[in-house]
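K.L.:
If you want the building blocks of each chain, they are given just below.
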Amino acid sequence: MFEQIITNVRNNVPLVHAITNYVTVNDCANIILASGGSPIMADDINEVTDITAISSALVLNMGTLNERTALSMLAAGKKANQCGLPVVFDPVGAGASAFRKKLAYQLLEEIQFSVIKGNISEIKFLAAGEGKTAGVDACEGDKVTEDNLKGVADFAKEFSKRTGSVIAITGAIDLVADGNLAYAVRNGHIMMSRITGTGCMLAAVTGSYVGANPGSILKASAAAVCGMGLCGELAYKKLSQLHGGTGTYRMLLIDEMSRLNEQMLEEGGKYECF
Amino acid sequence: MFEQIITNVRNNVPLVHAITNYVTVNDCANIILASGGSPIMADDINEVTDITAISSALVLNMGTLNERTALSMLAAGKKANQCGLPVVFDPVGAGASAFRKKLAYQLLEEIQFSVIKGNISEIKFLAAGEGKTAGVDACEGDKVTEDNLKGVADFAKEFSKRTGSVIAITGAIDLVADGNLAYAVRNGHIMMSRITGTGCMLAAVTGSYVGANPGSILKASAAAVCGMGLCGELAYKKLSQLHGGTGTYRMLLIDEMSRLNEQMLEEGGKYECF
Amino acid sequence: MFEQIITNVRNNVPLVHAITNYVTVNDCANIILASGGSPIMADDINEVTDITAISSALVLNMGTLNERTALSMLAAGKKANQCGLPVVFDPVGAGASAFRKKLAYQLLEEIQFSVIKGNISEIKFLAAGEGKTAGVDACEGDKVTEDNLKGVADFAKEFSKRTGSVIAITGAIDLVADGNLAYAVRNGHIMMSRITGTGCMLAAVTGSYVGANPGSILKASAAAVCGMGLCGELAYKKLSQLHGGTGTYRMLLIDEMSRLNEQMLEEGGKYECF
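Chains as they are written, first to last, in my numbering: chain A, 1 to 274; chain B, 1 to 274; chain C, 1 to 274.
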């Protein structure tokens, strides 16, 4: 069902401009390359619009936000909208401080995002200012389960209608929705939460996928979520053989992304639509 | 002797706010996770106090210091003191420039640190402005040996009394002391000096350990030093089997931290108190 | 032919001051260590001259450039010139934005570089403002091949004469030239382009090599290019045995650098001079 998505990435090698945090930026660059794209990180207000203008997608990630990069995100986002470029938003820790909250709302107001990707707490916070976020992880009470799955899907569809963005909510079960259709994705592995940056890496890969598939934002986003989760599973399988820890796992995750192809995604993807 | 320290970390999952350098920040985040904590890196003056307020510990690391983050460190440190949060100080390259020297002294003056962790040159510099630092490594003439061990321990105890902080001096032999008691730790491996960031990672792990054990700062700090050194030994053992180099070693170090438990620390810890 | 170059690095442990991008900075620090040097990253205008003054070499890398670090690069570069320190310039994405272009030309004007290292698009851009750069990779039409090798070597020699810098042009075939002599280096592996930072790492290693061999800038630069390429080959050989992906490859590359010695370089180096 995701036919052509990965092939388009590997053939087109989309240039992905990411304004992202310095904690996981190297992993983001390496996983964009592994996914088939080409990363460029530039965050100075004097050049972000130039860089966005030559790119195929823009990723805005609020981790380690500062006053300087906040302005750069706004400028790059507007430029991307002007150029008709897909823009992915990762509102890392959106509710963790007044500063992030303010920028998150301002970005939502001034930029038309193609995809908004976050954990349930971050997305709820964006949608209504009512989520709680403890640091950068989702709160226990917010989590998506089999029981509340349909309800969260409806919420995601609703938020998608309001924003005009595909909404990707990550967790044990991931949800990716536009106003009409929701994918529930059951790929992934708990080990992914024991290393830093899997969320940022997913946003980066999503940038790569939508950059090469600008006409299929929902499908490309769902493929990215599915693919990242599948890589997490495959990496864990290999990790078990190697008796490795979290350091090794981080490396294997990027390994798997560098090998991922359409057939693997077709066979290993676990999702349903409704 | 370190009973409960690691268990408390794994049970409480302390949120560790780190304002740290961009060279080793990813390793710091990953090793905080590996140790059982949850990392959050935020350095903008507009949000550091919000982030500190929801955290269990604060780590201030002076590597790649700049004017902007210097102010953020001061603000976050004061907030942590106000909230009664443990604060770990890693005065990376304290004597390498007038700028770092000035901030180091200002931080010492204005923030009450729970733990000050550095190599002997950095700590001597803080204590008396008399150490020499060539870059970020300790100077040969300063090194802690079996011969000067007791003398350095007395110096550490004295400096601890003056500052009210636990003093952790890293080297071939590590010393961790408060005003009354010193641990001499003989864990560790020379290979740890061949990769960047082992010092920063130790400060990060210390943040995680004291964050979950705020009533046992000395013991938690000594456990962190011991544990980090033990991981360095175990990683080297595995490295030899794999015939790997320094790239592999860095990964294995985080692997070992992700596996470390109380029993391993009890069996592998090499320390004496005096 | 590169006798003593690596030995001098391992014996002298040159302190390498790098003002470089936050995407690949950790890899740069680790590969400087692996090569036998000691890295120090400092980019604040208040301390860069202090840090440069105690260093053996300075590396300026324009990736993730900003207004603040641009000024620091200029100040550090001038200080290095004043102290007679070798300075390596890596004009990452020089033509990608007006901002980078302006700084690149200003640096060329105000700093005397020992080595300028870039892909053919970046170097052409510096030389004449006529190269095209799409992001941070070389453009297809610019690439160095067996057919245009002599022509590019003449261009490099000419540019070296104008700038007084050794010119290192990286690609499938690398060229390293001063005004009189050019090395064509055929080491390296295509896999190196599938991870981020191999170019930055080469600049970092070059800093380490010229820092310990300030009287042999051309030879040290060629040895660095040769050595880095050889590590890329050896890492690929090991990768094939491990059935790894790009994550593993990045680690193995640093592993190989940590093992590289004169004999390996003598036996594995593939280059000719003309």
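Do not take every clue at face value.
No copy labels: a pair is met if it fits in one copy or bridges any two.
[Claimed, not checked] Result set (SDA-like, lysine to any residue): computed pairs, CA atoms no more than 20 Å apart in a straight line: (1) LYS102 x ILE54; (2) LYS238 x ARG259; (3) LYS101 x THR49; (4) LYS237 x ARG259; (5) LYS237 x ASN261; (6) LYS143 x VAL13; (7) LYS157 x SER216; (8) LYS161 x SER193; (9) LYS102 x CYS273; (10) LYS101 x SER216; (11) LYS101 x ALA127; (12) LYS102 x ASN8; (13) LYS101 x ASN46; (14) LYS78 x ALA98; (15) LYS102 x ASN180; (16) LYS78 x GLN263; (17) LYS150 x LEU108.
Everything labelled a hint here was simulated from the structure, so no lab data went into it.
K.L.:
Each hint should be assessed against the structure and marked as holding or not.
P.N.:
Going down the list of hints, with the structure as the test:
no.: 1; hint: LYS102 x ILE54; result: between (29 Å within a copy, 18 Å between copies)
no.: 2; hint: LYS238 x ARG259; result: both (13 Å within a copy, 17 Å between copies)
no.: 3; hint: LYS101 x THR49; result: between (24 Å within a copy, 14 Å between copies)
no.: 4; hint: LYS237 x ARG259; result: both (15 Å within a copy, 18 Å between copies)
no.: 5; hint: LYS237 x ASN261; result: within (18 Å within a copy, 23 Å between copies)
no.: 6; hint: LYS143 x VAL13; result: between (35 Å within a copy, 18 Å between copies)
no.: 7; hint: LYS157 x SER216; result: within (17 Å within a copy, 49 Å between copies)
no.: 8; hint: LYS161 x SER193; result: neither (30 Å within a copy, 41 Å between copies)
no.: 9; hint: LYS102 x CYS273; result: neither (34 Å within a copy, 51 Å between copies)
no.: 10; hint: LYS101 x SER216; result: neither (30 Å within a copy, 35 Å between copies)
no.: 11; hint: LYS101 x ALA127; result: within (12 Å within a copy, 41 Å between copies)
no.: 12; hint: LYS102 x ASN8; result: neither (36 Å within a copy, 35 Å between copies)
no.: 13; hint: LYS101 x ASN46; result: between (25 Å within a copy, 11 Å between copies)
no.: 14; hint: LYS78 x ALA98; result: between (23 Å within a copy, 19 Å between copies)
no.: 15; hint: LYS102 x ASN180; result: neither (29 Å within a copy, 48 Å between copies)
no.: 16; hint: LYS78 x GLN263; result: neither (37 Å within a copy, 55 Å between copies)
no.: 17; hint: LYS150 x LEU108; result: neither (25 Å within a copy, 54 Å between copies)
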